[in-house]
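Asker: Chain by chain, the residues:
There are 2 protein chains.
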Amino acid sequence: MAAVTITREEVEQLVRRIVRERTRPSASALPTLLVEASARHAHLCRADMDTLFGEGSELTVFKDLYQPGNFAAKETLTLIGPRSRLISNLRILGPLRKESQVELAFTDAISLGFNDIPIRISGDTEGTPGCLLMGPKGVVELKQGLIRAAIHVHMNPAGAEYFGVKHKDVMRLRVGGAAGVTFDRVTVRMDPTVRLNVHMDTDEANACGLHYTKEIELMK
Amino acid sequence: MAAVTITREEVEQLVRRIVRERTRPSASALPTLLVEASARHAHLCRADMDTLFGEGSELTVFKDLYQPGNFAAKETLTLIGPRSRLISNLRILGPLRKESQVELAFTDAISLGFNDIPIRISGDTEGTPGCLLMGPKGVVELKQGLIRAAIHVHMNPAGAEYFGVKHKDVMRLRVGGAAGVTFDRVTVRMDPTVRLNVHMDTDEANACGLHYTKEIELMK
Numbered sequence: 001m002a003a004v005t006i007t008r009e010e011v012e013q014l015v016r017r018i019v020r021e022r023t024r025p026s027a028s029a030l031p032t033l034l035v036e037a038s039a040r041h042a043h044l045c046r047a048d049m050d051t052l053f054g055e056g057s058e059l060t061v062f063k064d065l066y067q068p069g070n071f072a073a074k075e076t077l078t079l080i081g082p083r084s085r086l087i088s089n090l091r092i093l094g095p096l097r098k099e100s101q102v103e104l105a106f107t108d109a110i111s112l113g114f115n116d117i118p119i120r121i122s123g124d125t126e127g128t129p130g131c132l133l134m135g136p137k138g139v140v141e142l143k144q145g146l147i148r149a150a151i152h153v154h155m156n157p158a159g160a161e162y163f164g165v166k167h168k169d170v171m172r173l174r175v176g177g178a179a180g181v182t183f184d185r186v187t188v189r190m191d192p193t194v195r196l197n198v199h200m201d202t203d204e205a206n207a208c209g210l211h212y213t214k215e216i217e218l219m220k
Numbered sequence: 001m002a003a004v005t006i007t008r009e010e011v012e013q014l015v016r017r018i019v020r021e022r023t024r025p026s027a028s029a030l031p032t033l034l035v036e037a038s039a040r041h042a043h044l045c046r047a048d049m050d051t052l053f054g055e056g057s058e059l060t061v062f063k064d065l066y067q068p069g070n071f072a073a074k075e076t077l078t079l080i081g082p083r084s085r086l087i088s089n090l091r092i093l094g095p096l097r098k099e100s101q102v103e104l105a106f107t108d109a110i111s112l113g114f115n116d117i118p119i120r121i122s123g124d125t126e127g128t129p130g131c132l133l134m135g136p137k138g139v140v141e142l143k144q145g146l147i148r149a150a151i152h153v154h155m156n157p158a159g160a161e162y163f164g165v166k167h168k169d170v171m172r173l174r175v176g177g178a179a180g181v182t183f184d185r186v187t188v189r190m191d192p193t194v195r196l197n198v199h200m201d202t203d204e205a206n207a208c209g210l211h212y213t214k215e216i217e218l219m220k
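The listed protein sequences derive, respectively, from chains Z and Y. Taking the working numbering, the leading residue of the first sequence gets 1, the next gets one more, and so forth. Taking the working numbering, the leading residue of the second sequence gets 1, the next gets one more, and so forth.
For the record, the hints were derived by calculation from the structure and aren't laboratory data. Mixed in with the good hints, there may be bad ones.
[As the list claims (entries may be wrong)] Covered stretches of chain Z (chain Y as the covering partner; in silico rule of three or more C-beta atoms under 8 Å from a C-beta of chain Y):
id, segment
1, 169 to 179
2, 183 to 190
3, 203 to 209
[Unchecked claim] Calculated pairs, DSS-like style, for lysine-lysine (alpha carbon to alpha carbon, straight line, at most 30 Å):
id, chain 1, residue 1, chain 2, residue 2
4, Z, K220, Y, K220
5, Z, K214, Y, K220
6, Y, K168, Z, K214
7, Z, K166, Z, K214
[As the list claims (entries may be wrong)] A partial selection of chain Y residues facing chain Z, derived with a Cβ cut-off under 7 Å:
id, residue
8, A178
9, G180
10, V181
11, N206
12, A207
Every residue gets a Cβ at the ideal spot worked out from N, C-alpha and C, and that includes glycine.
Just chain Z, same shape as in the assembly:
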């Protein structure tokens, strides 16, 4: 054994592991982790809601989501892409937001005729492509807001303390099973009001066979 050389990185890994094991709360403190696939959807601002569904109209709840206060709305839109191809019945998620935004998987974007849409954290839409949105009362030309949402984990301070991470840190999510995949860039989105919850898009969920497996591990 004396002849084995150990790199600095390996020593650091060992030390980190030992420190982590000694300081980590007991396993029973592991928060429940829900991993979900988000199908393509839109978020609307007040002004676009007015144009698309009528002045002063409100979203109505179709189904509550796991995150408190969030819901899938009964209202849907038609999205028209750059080559006049369209996606109908695009679900709107409520409540209304400051800016309208559309989240698509690459498969959706390609089927619409986009060569490329940027991978962004929700809300970070500066310089992203736009599209036309059509509702029962009117049409909105979205100047920007079309993104592929980066895979992310919603986390409250207790979860962040458990995992030893902070807002915007990048974690890994291992999904086991026949199509085992590790997502290496899962961004932490801290918020005191949220439940521990990974959101991936439908391409990611289909790639890893999310519906097939119960072997899931979130790692720093």
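Chain Y: place on chain Z using the hints.
Answerer: Below, chain Y alone, put in the same frame as chain Z:
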């Protein structure tokens, strides 16, 4: 440092790394690795070719593929799923095979109305679902053969020696970039006639943003 405990697994990892570094051929021997997305496609047997395109008909080359002798054919099919939904212009890959087989991404399967298709290595179609295939000269009821192809790497003996793997071993493929993903179950398919080549499906390619990145690493 004396107080750091090292697990047996960690010692084994270190030893393996050192042995590998000392015995590996020089970096210049690394074979060229091409990673490709396979869009949905069909393979046909002689009998089904006869039914779909006429007695004694042959596939014609639309585009040669990276693997010698393989090609995308000009001929395409219509695939009809369990809820009468269909995929038109399903590309056929040549040459003809012993058994007909259809390879779909989960996104395709779901859009067709399949709740589930099994993840299999090409050719392993026992007990998989079937479908209807429609060609210009007839219809074939495929009793089985619908699969999601498991991500795999075609490798010849030189490549296998380089990586220290054998037929049916499972490797990992790390794809870096904004949507960094590591595929943890890449099956080795050994054949003396092939070039080093990873095939993933469109869901997997879209999940990792394959078109975005040049950071790719195949690992034992």
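Asker: Regarding the pair K168 (chain Y) and K214 (chain Z), is the alpha-carbon distance no greater than 30 Å?
Answerer: holds (24 Å)
Asker: Check, residue by residue, whether the segment 169 to 179 of chain Z contains three or more positions whose beta-carbon lies closer than 8 Å to a beta-carbon of chain Y, and give the verdict.
Answerer: Our answer is that it holds, as 4 residues pass the Cβ test (under 8 Å) against chain Y, meeting three.
Asker: Keeping to a limit of 30 Å between CA atoms, is the pair of K166 (chain Z) and K214 (chain Z) held or broken?
Answerer: Roughly 26 Å between the alpha carbons, so the hint for K166 (chain Z) and K214 (chain Z) holds.
Asker: Hint N206 (chain Y) vs chain Z: min CB-CB distance below 7 Å?
Answerer: N206 (chain Y) check passes; min Cβ-Cβ to chain Z is 4 Å, inside 7 Å.
Asker: Should the interface hint for V181 (chain Y) be scored as holding, given a Cβ-Cβ cut-off of 7 Å against chain Z?
Answerer: holds (6 Å)
Asker: Mind taking a look at whether chain Y covers the segment 203 to 209 of chain Z? Criterion is 3 or more residues with CB to CB distance under 8 Å.
Answerer: holds (count 6)
Asker: Are 3 or more residues of the segment 183 to 190 of chain Z near chain Y, judged by a Cβ distance of less than 8 Å?
Answerer: holds (count 3)
Asker: Under the criterion of a CB-CB separation shorter than 7 Å, is G180 (chain Y) in contact with chain Z as hinted?
Answerer: G180 (chain Y) check passes; min Cβ-Cβ to chain Z is 4 Å, inside 7 Å.
Asker: Please verify whether K220 (chain Z) and K220 (chain Y) have alpha carbons no more than 30 Å apart.
Answerer: holds (23 Å)
Asker: Against chain Z, with CB atoms and a cut of 7 Å, does the hint on A178 (chain Y) hold up?
Answerer: OK, holds: A178 (chain Y) within 7 Å of chain Z, min 4 Å.
Asker: Taken at face value, is the distance from the CA of K220 (chain Y) to the CA of K214 (chain Z) at most 30 Å?
Answerer: holds (25 Å)
Asker: Hey, does the A207 (chain Y) contact hint survive, CB to chain Z under 7 Å?
Answerer: Holds. Min distance 4 Å.
Going down the numbered hints, you'll see the structure goes against none, and every one checks out.
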